[in-house]
Each structure stands twice: as C-alpha cells, then as structure tokens.
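Trainee: Hints are included, so try docking the two chains, each in its own frame, into the full complex.
If you read the protein sequences in the order shown, they are chains A and B.
Going by my numbering, the first residue of the first sequence is number 61, and it counts up by one from there.
Going by my numbering, the first residue of the second sequence is number 5, and it counts up by one from there.
By construction, these hints were calculated from the structure, which means they are not laboratory data.
There may be inaccurate statements among the hints.
Keeping only pairs whose Cα atoms sit at most 20 Å apart, straight-line, the calculated PhoX-like set for lysine-lysine is [to be verified]:
#1 A:Lys-622 / A:Lys-552
#2 B:Lys-53 / B:Lys-87
#3 A:Lys-126 / B:Lys-87
#4 B:Lys-87 / B:Lys-66
#5 B:Lys-92 / A:Lys-202
#6 B:Lys-51 / A:Lys-126
#7 A:Lys-634 / A:Lys-622
#8 B:Lys-66 / B:Lys-53
#9 A:Lys-552 / A:Lys-634
#10 B:Lys-66 / B:Lys-42
#11 B:Lys-87 / A:Lys-128
#12 A:Lys-273 / A:Lys-336
#13 B:Lys-51 / B:Lys-66
#14 B:Lys-66 / A:Lys-202
#15 B:Lys-42 / B:Lys-92
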Amino acid sequence: MSTTFAPSTTKLEKLVGKRLRRREDPRLITGTATYVEDVKLPDMHHAVIVRSPHGAADIRSIDISKAKALPGVVAVFTGADIVGVGTVPCGASLPGLRRPDHHILAQDRVYLVGHPVAVVVATDRYIAADGADLVEVEYDIKQAVTDPEKALAPGAPAVHSQWPDNVAFTFHQNGGDIDAAFAEAEVVVKQRITSQRLVPNAMETRGVVADWKTNDRSLTLYTSTQIPHLARTLLAGMLGIEENRFRLIAPEVGGGFGSKLNVYSEEALTAWVSMKIGKPVKWIESRRENFMVTIHGRGHVDYFEIAAKRDGTILGLKLKLIQDLGAFHQLLTPVIPTLSVLMMPGLYNFRNIQAEVVGTFTNCVPTDAYRGAGRPEATHGIERMVDILAAELGMDPAEIRFKNFVRPDQFPFPTATGLNYDSGDYANTFQKALDTIDYHGLRKQQAEARAAGRLMGIGISTYGEICAMGPSVATPAGGWESATVKFEPSGKVTVLTGTSPHGQGQETSFAQLTADELGVPIDDIVVLHGDTSIVQYGIGTFGSRNTAVGGAALFYALQEIKEKLKKFGAAMLKAEEVELGDGVCLNPKTGESVTVQEIAGAAYRGVVIPPGMDPGMVVTKFWEPANFTYPFGAHIIVSEVDAETGDIEIKRYVAVDDIGNQLNPLLVDGQLHGGAAQGLGQALWEQGVYDDNGQLVTGEFMDYTMPRARMMPWIESSHTCTPSPVNPLGAKGVGEAGTIGSTPAMVNSVVDALSPLGVRHIDMPLTPEKIWKLTNGRNA
Amino acid sequence: MKIAGSAKLPFAAERAYAVMQDPLVLAKAIPGCDALEKTGEDEYRLKMKMVLASLSGSFEGKVRLTDSNPPRSFRMLVEGSGKIGFMKGDGLIQIASAPDGGVDISYEGDAQIGGTMAAVGNRMIDMTARMLIKRFFEKLAAEPA
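Chain B extracted, bound-state conformation (with noise of 0.2 Å):
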C-alpha cells in the first residue's frame, strides 16, 4: 500500500524536525500509543493500540529513523505485530518552510500489513491509515512552538 499525503505545522523547520524525532512528543501524538522507548541512537520500541473495523488488539514494534538531514528530511521506518497482524512501513518525510511561518510537510512511503488485518479489514486500511496520520499531525501541531 502506497502512503503519500502533506500536513502543515505551525512551526520552524528546526522546530518541526526536532518535535518529530522527541519520543516524548511522539508517544503522545502517536494515536493508541501506549509506550514509546528509546533503544538506541535513532532507534524507539514502541507499544501501541490498533482499532481497524472490527478488529483491536496492542502492537509491539521498532520505529528508526535513518537518513536524517536536519531539518529538512528523514525515512522512518516502522515493524510491529500483535494478535491480529502486522505492520511494515517505510517512509520519507520531507519538512519545507511555508510563507505563514510554519512549515509544509510531505509523506511518501510504502506500507505493508498482514494477517488477520489484512484478511479481514483490508477494504478499510488505507481510510484508518489515513485517519490516523491525521490525527498524528494535529496533536503535533498542538505542541508549543
């Protein structure tokens, strides 16, 4: 599954860039996320919860963050399963200063899910996905500039 898609910030570039790579800003912009560790230099363990149609169960993963060129870019790369599946995700996020002062953001990567997710909520994936990184971006834009 291609994820592509933009978001704005009310932040500086730095700003943008550094809220984006602080596991404590993270764990509470991340939707369901229960946990959120720092393991390594890059490298988080994360814990989190996942809703989809009819489905939840909790997810354990690994998110890195890899080709980092502040503050302008970094990939993201994301694996977790749980009880009813599991998720692969990889992803370049690109941070582009606006004239309003904040910043333009663009996403562009592949995920792929497995298991009983995509068995039984595939027709609802790419919607959840796309709910959720929504939601992802307002909650960030909710913390101070």
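Chain A extracted, bound-state conformation (with noise of 0.2 Å):
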C-alpha cells in the first residue's frame, strides 16, 4: 500500500489565539450549505399541522373527511391516532413538579393557540397546506388565562383543571440568615422588575426529515437541534425504537440560541407518522409557525427587596420570581428560573439571600432556554436593584459596586445559593471599563447635558455567570462532553468533537487546537459534529459550554493521541526517549526523527507495535469538568433621550469581559457582538405579547421588533484574563456573556438619564411611547 505523506519541513505557526476567520464561512454566505429544508430524498412526503387557533378550548369535533379526500393527501391523523407514543419528555427534577401530559397532538382540549391537532400528509408541501385547510375543528371555547400573576390570583381559568391554582411548583432557596440581615439593615428598597416574554428567532425556524425503512426497522432523522444525541435518546424513548437503529443527524443548524436545546412534538411526530405511511416525510416549520410554538424566552415577574447600611453595604437580598411557564413543560422549562435563582448574589459579597420561585402555568407556548437562560433575568434584577439602591443612598453607581465585589483574595468563592465561583478580579475589570470610557469625565459632561436641559444617562452593569455546563450532578442529563482525534493512515486528522455548533466556529478554533497540539497543518484537520452515527456520543452545544468543556475534552484526547504518537515514534525510531513537537517525533541522541504523518501510517500498517500498544491511532476522551466556570465583565452604555420624541440614541457602549483564555478572538468578538444585540434587543425593542384570551398578538416581525444591524452601536469590546481553574484550556466561555451585560447596562442608562424627571425604574422594552410618556409627564 502506498501512501502519500504530507511534508513536513516547515515550523507552523501557533494558531491558538489567533483571529482566524470561519472554516464554515465559504459555505454559509454562498448559500451551499445543506439546512433540513435542502435535505431531499426519493418519495419524499410532506407534513403540514393543523394547529387550534384558540388558547383554551375543548375539541368537540374533527371532521378529516373533506382532507383526505383532496387528491395528493395521503393521510390525515389526529390526537385519536397517536396511541403508543410517549408525551413530550421535561428533564427536570424539582420536588413535587406537577407534570401535564404534552401529548404531540391534542387529545380532547387545546391549551394553547397553535396546539397541534392534526397533521396532513401529502405528497406536496402545498397539497398539505390546502389539506389543512380543509381539516373541520369545532371548539368549544373556554376562558384562557396569560398573564402569570393574573393566573395566580384567586378565581382565574385553570390552565390544567387538575390543578386549579395554576401552580407547577415552588421552589425555594435560602443561604445565610434573611431575618438578620434584614433586621441590621439602615435602608431596605423594593422594586417589582418584568423580564418580558422573548421569541428567540433562530434565522432558521426548525424543520425534520424522517426517513423509516420498514425492513430494517430503522429511523433516520434530520432535525434543526443543538442537541442531536440527547434528542435520539429522548425521541427514541418516546418512539418506542432502538437507539441503534436510530441515526440523528443535525446539519447546518441556522441559530438555536436555546431554542432547539429541545425535543419537539413536531420531531416525533414527523418521525412517527414516517414510520405509520413507510415514506420519508419532511415537515419544516414556517415563521408564523416559529413565533406560537418554538419556546419563548424569560418571562418574569420578580419582586426583589435588598438590605444594605448606610454606606452602601449589601447585606441580604430576597427574591419572589413568578415564572411564566406557558401550558406544558419542555425540556428544561422549570429548571430555568432556578439558574435565576442560583446567579442571583452576582458579583457580590453578601451571604443572605432568601428566594421563591412560583412557577404558574398559563396558556402560552412554554418558556425554556433562550440565551442566558435564567441568568438574564437575574442579572437585570441584581444590577437595577444595585442601581436603585445607590438612588436610594445616593451614592454613585460605580462606588457602591466596588464597594460591594467579591475580592480577588476571596476565590474560590463560595455563594449564598451553593455556587463555587472559580477565579476572579472584577474591580480590575470594572476600572478597566471605566477608565476606557472615561467615567469622571463623563460624569462631568452629564451634568453639563443636565444643565442645559438634555437627557444623558451613563449606565452600568457588572455581571456574572454560570457558563460551560457544567458538572454532571448539577445537570439534568449528564454535563460531560466528548472528542475523538483520528489520524487517517494518510496522516490526515479527524476531530469529532460531542458538541453540535451551530454558527459557534468550532469546525475552525478546534482545528486551531488541534493543529497546535499536534502540529499539523489546519487543512489537514476536519472537525466534524452533528451526526449520531459518526460521533461516539455528545450532551450538546448550550450553556456556553462547546470550548470550556467540549474543547478540554478535545484537548485531553489530543494529550493522549500525543502520548501514543510518542510511544510508536520512539519504537519507530528504536529510542528509548523522544520528544514530539511541530509535527515531528524526535530522537534527541540521535538527532532522526519521523513526522507524525509517518508515525500514523505506520500504526495503521501495524508493522512496529511498541509493546502494550494497539495498531491504528484514534483516541476518544470523555471529560467530566469538575465545576462550572463563572466569566463576568463590565459593560458601560452612554444614552441620549430624546423628550420630544422618546428615542433612545446609544452615543457609545464599551464591553470589558473577562472569559478566560480565548482560542479564536475573532469569534469571541462574533459571540460577543451577537450576545448584545439580543440583549440589546429585550432591552429595548423586543416583546412577545399574549392578549387575555390567548392570541399571540406579536406574531411575526411586523410586530415583532427585532435589532437590526442598523439599530446596533459600536461596541467597544476588550477584555482581561483571569484563566478559569476549572479546565486545562483556562476557558470560561462566551456564548451568552453579550446578552447577559447587555441589557441592565442599558436599562440602567436610560433611567439614569431620566432621574432628573424622578424615575427610579422602567420595566422592558423601553419603547419611545413608554419613554414618551415618562417625557412628557404621563404614567408608563
């Protein structure tokens, strides 16, 4: 056999830290890469859903005989057909959590506008359509209830009519001594803060592919999922099919942002009704679809109250957290509002903390992830509760911060609500951000703005986070991750890495990795992901986790493939030590050495075996982190208001993170940029509105206000480094770090420019009507 070995005579150039553009790139923005909808196979079929237009209703009837009589349809199912198959599947665990059955189609009652009823099956995806339409429901319509507080209070339509309180469950979480902090305390203030309801917005809505073959009782499935073995898993349980016959593939996912961290009706549904006709079947969800029943994000109600002295001490903080959940659990629904809970403290040194969770059930699509998750709506509460304290005391926002950080002695941390925050120093941070934009002598321009009648505000947010999900025990399945390296006999190398990315870049910073470790040039390295048949097993891409945990498996597999490299190139070589680097095994003695290409040519030949060793070169590492790692930074906007109009004009936004060591800062930036638009975005514009009897009133982008490249500032971003403990990359992660400072940043602006008028809060989107009426003397 003959092989061709790359050549290897020149150092290569450590690309770690480097701002390599995407490997992805070329194929996104010339439009060839392969999305579920580009997926096209032999007698394909279509599935389009007839969903209840209503809230809350009984179905009194379903007449599909018109559907099935239309020429192209070729079958028609509803609630009645789908004995057999599991509900939609929750992870989480709290104690006492009241479960409804989500059946994936509606059984006798809807509980949501856009509940499944029926699906249409045909052989055209507009035969379907025109199919659907012909689907005859008749309701009979019951009150719903959207509001979570209006839900919670006595006398209000019962979402599920076993549980008439509209409570799923209360949580509770205490630390430290509530009732002393509280009795010490010289100033105490409240504040009732919203964290409105978010339609996540993945460019790509999801869509599946279900491909059943009969004879091998075999499942092929295409879906738009971030989390693709976790979803087999999951979906297989429901389907009643072996995970051994079942191939998941995710393929070009076009955004998820915790949206497609889920199992779907519409996955098993596709998939079952594929396997009921013997057909591939494609169902791919429109926008309208997307904005009813993909999940929407926060949706809060917090009532906050924090103790602090004189002198601007936080002593203690309580928290009553009504969480809207929407009709049904998804995967996570009732876990977020805990990550709310445990992110509460922030970055301060206080050790009493006294929270409620009230997770109440309304008739809406369920809330779940949406970047951040939980921790957003924490970190608004914390930094407008820190700033409204500072009114309060009048004390100066920046002071009463410093005054209150955990100190750079103090790591690792342990917090009131059970958190181990890994390393940090986030005064340094904090004065680097003040000092890039000037802060004294902004100080000094506002009150000359103020002078003159104008209305600046400076706003500040120094936040934390829990990134890099996480450790097993805290996770409801399994917080490890995995990384295969496999040399091909030609000396190429395959990564497959457990993560799912999905516009992260890893296809380019593990190969960056992976071409410094081994020392390989990066063209020779694929990394390849997405694929349960391909990939040894993965939780996923959430939670800022595919560097700090994906990536320090990945480095462990590759400390290992080096080990093995060494022990055939020292065999090879017939020394007793070598040493291996830039691509090459070297006998120090001797000065001989052989390239890494040679050595894996050599494996796979199996001509040296050292002894103890196997033929071939391929390493898979599973790695359990230990803890989660906890990025912060501080982010600074500077606004203008305008009274007459109630524009805001964002005049600069300086961003100074502190996410551990960086692989790609070019995707860091990405990441980053991307985090403060969304964040932006709830801060300002975006809302997902439900009226009282359950109609989505937002439901596609005419009502829906998202960011626009136009609306965006410069962000001014640096960073510092403070490498996390936690994993051997020093890599905290940066997913959700943009979207997490963002928003009380901005907020805390805008109230700071309008204090003048006496305003101590506004809940989000500050819309130019809310902002006008604040102008102009009226109440928001």
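Mentor: Encoded structure:
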C-alpha cells in the first residue's frame, strides 16, 4: 500500500489565540450549506400541521373527510391516532413538580394557540397545506389566562383543570440568615421588575425530515437541533425504537439560542408519520409557527427587596420570582428560573438570600432556555436593584459596586446559593471599563448636559454568569463532553466533537487547537459533529459549553494521542526517549526523526507495534468538569433620550469581558456582538405579547421588533483575563456574556438619563411610547 | 377588542330597524358578504370574504339577533371562522330618532378575533373594523327610505 505523507519541513505557526476567519463561512455565505430544508429524499412526503386558533378550548369534533378526499393527500392523523407514542419529555426533577401530559397531538382539549390538533400528509407541501385548511375542527371555547400574575389570582381560569391554582411548582432557596440581614439593615428598597417574553427567532426555523426503513426497522431523522444525541435518546423513548437503529443528524443549523435545546412534538410526530406511511416525510416550520410554537424566553415577574447599610454595604436580597411557564413543560422549562436564583448574588459579597420561585401555568407557549437562560433575568434584576439602592443612598453606582465586589483573595468563592465562583478580579475589569469610557469625565459631561436640559444617561452593569454547563450532578442529562481525534492512514486528522456547533465556529477553533497540539497543518484537519452515527456520543451545544467543556475533552484526547504518537515514534526510531513537537518525533540523541504523519501511517500498517499498544491512531475521550466556570465583565452604555420623541440614542457602548483564555478572539467578538444585539433587543424593542384571550398578537416581524444592523451601536470591546482553573484551556465561555451584560447596562443608562424626572425604574422594553409618556409627565 | 361608535341613517326609526333585520338588505350592505341565509327565527348563516392587511380569506358563520325591542334596539351576535382565523362579536345596536327626521344609531360591543388574523393582523384590526362598519352604514343609507 502506498501512502502520500504531507511534508512537514517548515515550523508551523501557532494558531490558538489568532483571529482566524471561520472555515465554515464559505459554504454559509455562498448558500451551499445543507440545512434540513435542503434534504430531499426519493418519494419524500410533506406534513403540515393543523393548529388550534384558541388559547383554551375543548375539541368537540374533528372532521378530516374533506382533507382526506383531496387528491395528493395520503393520510390525516389526529390525537386519537397517536396511541402508544410517548409524551414530550421534560428533564426537570424539582420536588413536587406537576407535569401535565404533553401529547404530540391534542387529545380532547387545546391549551394554547398553535397547539397541534391534526397532521396532513401529502405528496407535495402545498397540497398538504390545502388539506390542512380542509380539516374542520369544532371547538368549545374556554376562557384562557395568559398573564402569570392573573393566573395566580383566586378565581382565575385553570389552565389544567386538575390544578386550579395554576401552580406547577414552588421552589425555595435560602442562604445565610436573611432575617438578621434585614433586621440589621439601615435601608431596604423594593422593586417589581419584569423580564418580558422574548421570541428567540433563530434565522432558520425548525424542520424535520424523517426516513423510516420498515425492513431494517431503522430511522434516520434530520432535525435542526442543538442536542443531536440527547434528542435521539429521548425521541427513541417516545417512539419505542432502539437507539442503535436510530440515526439523528443535525445538519447545518441556522441558529438556536436555546430554542433548539429541546425535543419538540413535531420531531416525534414527523418520525411517527414516516413510520406509519413507510415513506420519508418532511415538516418545515413556517415563521408564523416559529413565533407561535417554538419556545419563548424569559417571562418573569420578579419582586426584589435589597437590604443594606447606609455606607452602601449590601446585606441581603429577597426575591419572589413568578415564572410564566406556559401551558406545558418543554425540556428544561421549570429549570430555567432556578438558574436565575443561583445567579442572584451577582458579583457581590453578601451571604444572605431568600428566594421563592412560583412556576405558573398560562395558556401560552412554554418558556425555556433562551440565550442566557435565567441568568439575564437575574443579572438584570440585581444590577437594577444595585442602581436603585445607590440612588436611594445618593451614592455613585460605580462606587457602590466597588464596595460590594467579591475580592480576588476570596476565590474560590462559595456563594450563598451554593455555587463556587472559580476565579476573577471584578474590580480590575470594572476599572478598565471605567477608564476606557472616562467615567469621571462623562459624569461632568452629564452635569453639563443636564444643565442644558438634555437627558443623558450612563448605565453600568457588572455581571457574572454561570457557564460551561456543567458538572453532571448539576445538569439533567450529564454535563460532560466527548471528543475523538483520529489520524487517517494518510496522516490527515479527523476530529469528532460531541458538541453540536451551529454558528459558534468550532470547526475553526477546534482545528486551531488540534493543529497546535499535533503540529499538523490546519488544512489537514476536519472537525465533524452533529451526526449520531459518526460521533461517539455528546451532550451538545448550550450554556456556553463548547470550548470550556468540549474543547477541554478535545484537549485531553489530543494529549493522549500525543502519548501514543510518542510510543510509536520511539519504536520506529528505536529510541528510549523521544521528543514530540511541531509535528515531528525526534530522537534527541541521534537527531533522527519521523513525522507524525509517518507515525500514523505506520500505526495503521501495524509493522511496528510497541509493547502494550494497539495498532491504529484513534483516541476518544470523555471529560467531566468539576465545576461550572464563572465569566464576568463590565458593560457601560452612554445614552441620550429625546424627550420630544421618546427615542433613545446609544452614544457609546464599552464592554470589558473576562472569559478566561480565548482560542479565537474573532469568534469571541462575534459571540459578544450577537449577544449584545439580543440583549439590547430585550432592553429596547422585543416583546412577545398575548392578549387576554390567549392570542399571540406579536406573531410576525411586523409586530415584533427584532434588532437590525443599523440599530446597533459600535461596541468598544476589550478583555481582561483570569484563566479558569476548572479546565486545562483556562476558558470560561462567551456564548451568553453579551446578552447578560448588555440588558441592565442599557436600562440603567436610560433610567439614569430620566432620573432628574424622578424616574426610578422602567420595565423593558424601553419603547419610545413608554419613554415619551415619562418625559411628558404621563404614567408609563 | 371594544367596538363602539355611531352612524346616521336617513330613515324613520321603524324603517331603520326593519332594514337592519332584512337579510336581503344586509347581504348587500355587509362588506364582502357572499351569502346570508335565514336559518331560523332571528338566525342567519353568513358567508363573507375578509381582507385584513396581507391576509384574505372566506369566513363562514352565524348571525343571531336577540333582545329585540323594535324599533329602538336589538343585540347582534356574530360568530365565524375560516382559514385565517376566527371572530366572535356581541353588540348592542340602539336607534334614536333625530331632529332631521332620520335616526342616530349607536353601537357598542365586544369583538374577539383569533388565529392568524390575531397573530399577524392585530395592529390593523381596529382600523379595518371601523372601515367595515362605516361602509356597512353607508350601504344601508343608500336603501330607499
């Protein structure tokens, strides 16, 4: 057998830390990537789902006869047909959690607008849509309830009749001695703060292609997901099929932001239909369906109370958190508000907390993980409360933060909520942000602006977050990650990661790491993911875990394969001791060397097998982190409010983030910018609104204001670096930082601008209408 | 959604009351009406086309008249559904003689819409409803006295 070895004559440039452009981009920007919608199989059929137009109604009758009679319609199924299919899973394990049966098609009642009632399968998508229009459903409309506080009021309509109080669970977390803290307090301030429903709006809507092969009893499912392996395990359970006969492929995934960290009715339904008719079936979610039935984010009503001394020392924090869960639990619905509670102490050095979460059913689409997932809500609340406290005490908001930060000598820092912050120097990062923006100069400018009648604001957010999810004990389905490094006999390298990147760029950054560790050219490295038949197993991509957990697993796999390369290299060179570096294995005594490509080839030919070694050159590593990581940072926004129009102009945006070490700073910038766009979206524009009858009245982009490029400020981004001790890369995670840091900085800035008018708090989004009412002396 | 407003008709109260109960007249006056059949005492079956912003579709529904107090007032209940959603309305219509020999009509009620119409047409509904009602009364006013 003849093999070509890549020459390894020149020393390779180190790539970790370099701003390499994404290797993914050419296919993405030329429209040649394969998304679910691009998957076309022979004899593929199309499914369209008939959905409830009501927020709450009993189904009196369903007449499918006209739909079935339409030429091209192959089958129509309703809730009565799906006998034996499992319900939509929820991974939460809260004590006493009430779990409504979440069938993939409605049984005798619908609980939200968009609830799937029937599915029409046809040879063509348009025929299926026409068929869906011919399904006649008679409803007996009931009163819906969509506001979580109204749902908790006595006499409210019951979302699920067996639980008339609409409470799905209550969860308490207490730390320290809250009563003593409040007794000692010289100042207590209270505020109700909401965090509105948001529609995640991934650029690619969801979609599924299911291909059941009856003779093999095997299913191949293409679905736009962040968790291919977990989705396979859970869907296999719902469908009653074996995992080893079930291949799940997440092809190109056009964004998820948590909304695809889930298992949805439509995934099981499309698979079940394919099994039923014995043909491949495709279902593609329309944008309107995406607004209606893909999970929403946030949905909090929070009552905060903060206790402090007159000198600004924070003593304790109380929170009553009312979580709008929607009508059902999706995969992590009840878990998300518990993450908010964990994050309650922020970056501050107080040890007394009391939190109560009331998970509330409403006739709305379930809330679940959306970029930040619980931490943006918490950070917004704390950072607002710190500002409100500063205003109450007449303190500068920067000064009160310095006074309360956890100090560098306190790490690892156990929080009152049971976390153990890994590392940080909060004051240093904050000082850098203040210096960058010239904080004291700005305050002078602000005084002048105010004297001139202008409404200028400076908003600070010093945020912390929980990333790199996470230790398995703290996650519903395992928190480790896996990687395989495989030299092909030709010396080319294939990396398999259990993470499932969908825009984060690990095909690039993991190749950088691999190139540096193995000393092979980056063009010789391919990173594969998102296919359960190729990748060993993996947890997936969410919670800012790709680099800090998946990258760490890859790092350890690389170390192990390097050891194997050394052993084989030593055998080939007949040397006792060898050195491995720059893609070459060297006998330092003789100066003889072999390249790693030559070693790999030899390991496959099996000509020289060192004692105790097996042939081949493949290593798979599963790695379990011992802790979360805790990135942090300081975002400062300078804004000016136009009193005449209520318009808000962002004058400056300075972000200093500490995310530990970085594999590729260009990708880090991308994550921060995207995160900030979504955080500013929540602060200023976005809101998912249901009317009292359960209708989602923000059901398209005409009614739901997504940030656009021209609405974004220039972000002056820089970093400090305290490497995480939790993983060997020292990485902390950056996927959610921008979303968490930006929102409170924006709101604090506008509240600061309006503070001369006596404004203390404004609930998001800060629409021009709301601001105009405040600047014109009307109640917002 | 609350709906309230007023209109004028150049009829005497009795005539105004009668035209508003006459299926033939109503079929002409209801914008987009394809058919209006009497199905029982004070009950009609309605088929109409509805255009709302970028949406259009046909509706089938029921119209019921209750609380008849001729020629002063009656209540109208409308319920319909179609491809683009559903609507449900309940309104009180009152007729008062005006000094000019005509009548002042006032109406007041609640309307509920759902489905795609609510999700994507919400910001247009108020305006559309007002426009449809205005056209309805203009058509009625063109009837012979």
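Trainee: Please work out if Lys-51 (chain B) and Lys-66 (chain B) have their alpha carbons no farther apart than 20 Å.
Mentor: The hint holds at about 9 Å.
Trainee: Tell me if the straight-line CA distance from Lys-87 (chain B) to Lys-128 (chain A) falls inside 20 Å.
Mentor: holds (17 Å)
Trainee: Given the hint that Lys-87 (chain B) pairs with Lys-66 (chain B), test it: the Cα-Cα distance must not exceed 20 Å.
Mentor: Roughly 16 Å between the alpha carbons, so the hint for Lys-87 (chain B) and Lys-66 (chain B) holds.
Trainee: Is Lys-66 (chain B) close enough to Lys-53 (chain B), meaning Cα to Cα at most 20 Å?
Mentor: holds (14 Å)
Trainee: Keeping to a limit of 20 Å between CA atoms, is the pair of Lys-53 (chain B) and Lys-87 (chain B) held or broken?
Mentor: Within the cut-off at roughly 11 Å; holds.
Trainee: Do the alpha carbons of Lys-66 (chain B) and Lys-202 (chain A) lie within 20 Å of each other, as the hint requires?
Mentor: holds (19 Å)
Trainee: Do the alpha carbons of Lys-51 (chain B) and Lys-126 (chain A) lie within 20 Å of each other, as the hint requires?
Mentor: With Cα atoms ~19 Å apart, Lys-51 (chain B) and Lys-126 (chain A) stay inside 20 Å; holds.
Trainee: If you draw a straight line from the CA of Lys-552 (chain A) to the CA of Lys-634 (chain A), is it 20 Å or shorter?
Mentor: Roughly 25 Å separates the two Cα atoms, so the pair is violated.
Trainee: Holds or violated: Lys-92 (chain B) and Lys-202 (chain A), Cα atoms, limit 20 Å.
Mentor: Status holds; Cα separation ~13 Å.
Trainee: CA of Lys-634 (chain A) to CA of Lys-622 (chain A), is that 20 Å or under?
Mentor: With Cα atoms ~18 Å apart, Lys-634 (chain A) and Lys-622 (chain A) stay inside 20 Å; holds.
Trainee: Lys-273 (chain A) and Lys-336 (chain A) were given as a pair; does the straight-line alpha-carbon distance stay at or below 20 Å?
Mentor: holds (11 Å)
Trainee: Is the Cα-Cα distance between Lys-126 (chain A) and Lys-87 (chain B) 20 Å or less?
Mentor: Within the cut-off at roughly 14 Å; holds.
Checked against the numbered hints given earlier, the structure breaks only hint 9 and satisfies all the rest.
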